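There are 2 protein chains.
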Amino acid sequence: MTKILILGGGGMIGQKLAHHLADNGWNGQPADVTLYDVDFRPNGAAGQQITGNLTDPGAAEALAANRPDIVFQLAAIVSGEAETNFDKGWQVNMFAGWTLLEALRAEHTASGGTYRPRIVFSSSIAVFGAPFPDQIDDEFLTAPLTSYGAQKAICELMLADFSRKGFVDGVSIRLPTICVRPGKPNAAASSFFSGIIREPLNDQEAILPVSDSVRHSHASPKSAVGFLIKAAGMDTEVLGGRLSLNMPGVSCTVAEQIEALREIAGQEAVDLIKPVQDPAIVAIVKNWPRTFDSARARALGFTSENSFKEIIQTYIDEDLGRS
Amino acid sequence: MTKILILGGGGMIGQKLAHHLADNGWNGQPADVTLYDVDFRPNGAAGQQITGNLTDPGAAEALAANRPDIVFQLAAIVSGEAETNFDKGWQVNMFAGWTLLEALRAEHTASGGTYRPRIVFSSSIAVFGAPFPDQIDDEFLTAPLTSYGAQKAICELMLADFSRKGFVDGVSIRLPTICVRPGKPNAAASSFFSGIIREPLNDQEAILPVSDSVRHSHASPKSAVGFLIKAAGMDTEVLGGRLSLNMPGVSCTVAEQIEALREIAGQEAVDLIKPVQDPAIVAIVKNWPRTFDSARARALGFTSENSFKEIIQTYIDEDLGRS
Chain C
1 MTKILILGGG GMIGQKLAHH LADNGWNGQP ADVTLYDVDF RPNGAAGQQI TGNLTDPGAA
61 EALAANRPDI VFQLAAIVSG EAETNFDKGW QVNMFAGWTL LEALRAEHTA SGGTYRPRIV
121 FSSSIAVFGA PFPDQIDDEF LTAPLTSYGA QKAICELMLA DFSRKGFVDG VSIRLPTICV
181 RPGKPNAAAS SFFSGIIREP LNDQEAILPV SDSVRHSHAS PKSAVGFLIK AAGMDTEVLG
241 GRLSLNMPGV SCTVAEQIEA LREIAGQEAV DLIKPVQDPA IVAIVKNWPR TFDSARARAL
301 GFTSENSFKE IIQTYIDEDL GRS
Chain S
1 MTKILILGGG GMIGQKLAHH LADNGWNGQP ADVTLYDVDF RPNGAAGQQI TGNLTDPGAA
61 EALAANRPDI VFQLAAIVSG EAETNFDKGW QVNMFAGWTL LEALRAEHTA SGGTYRPRIV
121 FSSSIAVFGA PFPDQIDDEF LTAPLTSYGA QKAICELMLA DFSRKGFVDG VSIRLPTICV
181 RPGKPNAAAS SFFSGIIREP LNDQEAILPV SDSVRHSHAS PKSAVGFLIK AAGMDTEVLG
241 GRLSLNMPGV SCTVAEQIEA LREIAGQEAV DLIKPVQDPA IVAIVKNWPR TFDSARARAL
301 GFTSENSFKE IIQTYIDEDL GRS
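Sequence lines, in order, name chains C and S. All residue numbers for the first sequence refer to this note's numbering, where the first residue is 1 and numbers rise by one. All residue numbers for the second sequence refer to this note's numbering, where the first residue is 1 and numbers rise by one.
One thing to keep in mind: the hints can contain errors.
Because identical chains share one entry, a pair is satisfied inside a single copy or across any pair of copies.
[What the hints assert, rightly or not] Here are the simulated lysine to any residue pairs, SDA-like style, with alpha carbons at most 25 Å apart:
1) Lys-165 <-> Gly-80
2) Lys-3 <-> Ala-103
3) Lys-274 <-> Ile-50
4) Lys-309 <-> Gly-266
5) Lys-88 <-> Arg-116
6) Lys-286 <-> Leu-141
7) Lys-3 <-> Ala-269
8) Lys-286 <-> Pro-133
9) Lys-88 <-> Pro-57
10) Lys-286 <-> Leu-239
11) Lys-88 <-> Gly-58
Keep in mind the hints are simulated off the structure, nothing from the lab. None of these values were measured; they are calculated from a predicted model.
Could you put the whole structure together from the sequences, leaning on the hints where they help?
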């Protein structure tokens, strides 16, 4: 049975991925799924749950000793928190990533070179920093303007070198902002992109902390799970050593997001959005990329929604009314 | 008196930089220069020499406690050794770089934010990996194909984030291959580029391990010292947060290098070059970049030689006949 380890398995994407694997298996067969995270909500387990912290001594080694075939590395301190808590961001987002790679390399060595797990690293478009060209392709430089972006870019470089050496078989997927996130707001600077849709659909007020002219790229949680599954099964040889892929998404302004909400849920939903500028959020978001050329990923079969209305509809179908 | 710390001060560039500072001072004034390295050749000291290893616990903190105004970070495991000794390369080239930044940040914090040293990080064109466009500018992605290149790219990202946060004031200069290096060959995969000029000029045979069609970019040790001095004194605000600069150099093929040698030293010098292909060197060098667009650095006043003949002449003037 294929052994799958989901780091950050207690998070929103990790949980959706685990439920997808529980429902569909891996390549049509049941999979042995382990979820690892600092905590789990008391929802239906879709795999073995292990509570722990990758920064604890021995934690990565214990997980690697099980020799998972596929490792989804989703664990991270989110962008807003990594910006305010410099030490914690670097320790978790960079050093724990290094420790994981080293633990897997030790198993590779111990196996005589036969063990070489697929690692799918969830990177981010935050690896890019302004100023931007009209379209950002996979050849654009990674000049991040947040600590979170720097940590993600560094993990991409580490993963590429460990993969080049043959210790692991990695691929980094740079996710656009995942929207609409179900549940509560989180400390990510991008949290409001979900909030302004989710809260009104749940009859609650939402704060819009930036101008509605802000343009950004989005994909649904469902698309994110699709990206992860696709990346886990793809032939990485075709990447020619450039293992970082800009994922597709819908590029739109906040005003266009709001218009899509109006079309689906009416003016009364839109009236629940209250503009209150937050300079800290404005400062982070203004340096984020807006539009991507994801031709490389699309050619490899990665797909997302085609409109923001589709993204809202996915939230309504998958998450609205569920806790 | 300006306090200057040269990490890797025992190396060839470190020594030339120290002698330049001893002869010229800093901004026309004598400077307080400290050299730090794992060992020093018994040549004339041009500053206080401290023997030690940045990877030793407490070493970086002890150096930072002196609060140098300028830190030249030249210390590194060279490309060839970083490729064969994976652990050592990462420990020295990445982790020691991190430890240094953390030690300087601690002094910044202890000073109440007033201490903010200029750091000049000697990066490398090895941050780039094939395939390449005709000209590589500062916006081209860093997709290194050696561990050395990955480590350099990561240190650039760390330095940029510590600088963005205001803990230090850094700039990374990506050096082309420095040629003609005086002295003995080293473990850098690029060592032969100097060897095929230096050894014949000293009446010795030299091995050429690659095809003479290989194109690469070069600057003299004298230019490298000029880059470092320029970077130490520049206004980093003009970089707009993109702190990595491709340094200028002379792009030429090995055949053109040899032709320049012939013009200066005659056919008998050229006859001392023996082609013996080395697959390991060929494999590394084929993934190195060939030609740069250094327009950004040139606009900021960074200059190098204009021909390979000039580079050879610099070696003859500065180093030939000296031990």
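Cross-check of the supplied hints:
1. Only between protomers do Lys-165 and Gly-80 lie at most 25 Å apart by alpha-carbon distance; the minimum there is 14 Å, versus 34 Å within a single protomer.
2. Proximity of Lys-3 and Ala-103 under a CA criterion of 25 Å is satisfied intra-copy only: 16 Å inside one chain copy versus 41 Å between copies.
3. For the identical chains of this complex, Lys-274 and Ile-50 are neighbours neither inside a copy (40 Å) nor across copies (61 Å), given an alpha-carbon limit of 25 Å.
4. Within a single copy, Lys-309 and Gly-266 get their C-alpha atoms as close as 13 Å, which meets the 25 Å cut-off; across copies the closest is 74 Å, which misses it.
5. Proximity of Lys-88 and Arg-116 under a CA criterion of 25 Å is satisfied inter-copy only: 22 Å between copies versus 29 Å inside one chain copy.
6. Proximity of Lys-286 to Leu-141 under the C-alpha cut-off of 25 Å is found in both arrangements, the shortest distances being 18 Å within a copy and 22 Å between copies.
7. In this homomeric assembly, Lys-3 and Ala-269 never come within 25 Å of each other (Cα to Cα): the closest approach is 44 Å inside a single copy and 62 Å across copies.
8. Within a single copy, Lys-286 and Pro-133 get their C-alpha atoms as close as 14 Å, which meets the 25 Å cut-off; across copies the closest is 30 Å, which misses it.
9. In this assembly of identical chains, the alpha carbons of Lys-88 and Pro-57 lie at most 25 Å apart whether taken from the same copy (16 Å) or from different copies (21 Å).
10. Only between protomers do Lys-286 and Leu-239 lie at most 25 Å apart by alpha-carbon distance; the minimum there is 18 Å, versus 31 Å within a single protomer.
11. Taking identical chains as interchangeable, the C-alpha atoms of Lys-88 and Gly-58 lie at most 25 Å apart whether they share a chain (18 Å) or sit on different chains (21 Å).
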